[in-house]
Amino acid sequence: MAWAALKLSLTVALFATGVVVVSGTAFGWLLARGRFRGRELLDALLMLPLVLPPTVTGYYLIVLLGRRGVFGAPLHGLTGWS
Numbered sequence: 000m001a002w003a004a005l006k007l008s009l010t011v012a013l014f015a016t017g018v019v020v021v022s023g024t025a026f027g028w029l030l031a032r033g034r035f036r037g038r039e040l041l042d043a044l045l046m047l048p049l050v051l052p053p054t055v056t057g058y059y060l061i062v063l064l065g066r067r068g069v070f071g072a073p074l075h076g077l078t079g080w081s
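Numbering (numbering that gives the first Met the number 0) for the sequence shown: 0 to 81.
By construction, these hints were calculated from the structure, which means they are not laboratory data.
Straight-line alpha carbon distances no greater than 25 Å define the calculated SDA-like cross-link-like pairs of lysine to any residue that follow: (1) LYS6 - TRP80; (2) LYS6 - LEU74; (3) LYS6 - GLY17; (4) LYS6 - VAL20.
Construct the entire structure; sequences and hints are all you get.
Written as structure tokens, this is what we have:
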């Protein structure tokens with residue numbers, strides 16, 4: 000039982016790390032090299048989790064990913080969980 004939980008935790012951590020490395024590198028390159036309309040907005044959105052208190056960030060994650068949220072409702076419809 001404990002080994003299954005450890006395996007799941009490591010799998011999720013590895014997947015999340017891969018997603019963050021790829022998306023972070025892409026956004027970093029885009030913001031460092033590119034000059035485009037909306038650059039300041041994108042920069043502000045990417046910095047938002049760093050400046051908001053964790054409780055506010057958690058609340059907005061629940062709002063977005065909850066059963067009736069913007070992303071949670073379609074996810075719940077497809078998979079049965081949100």
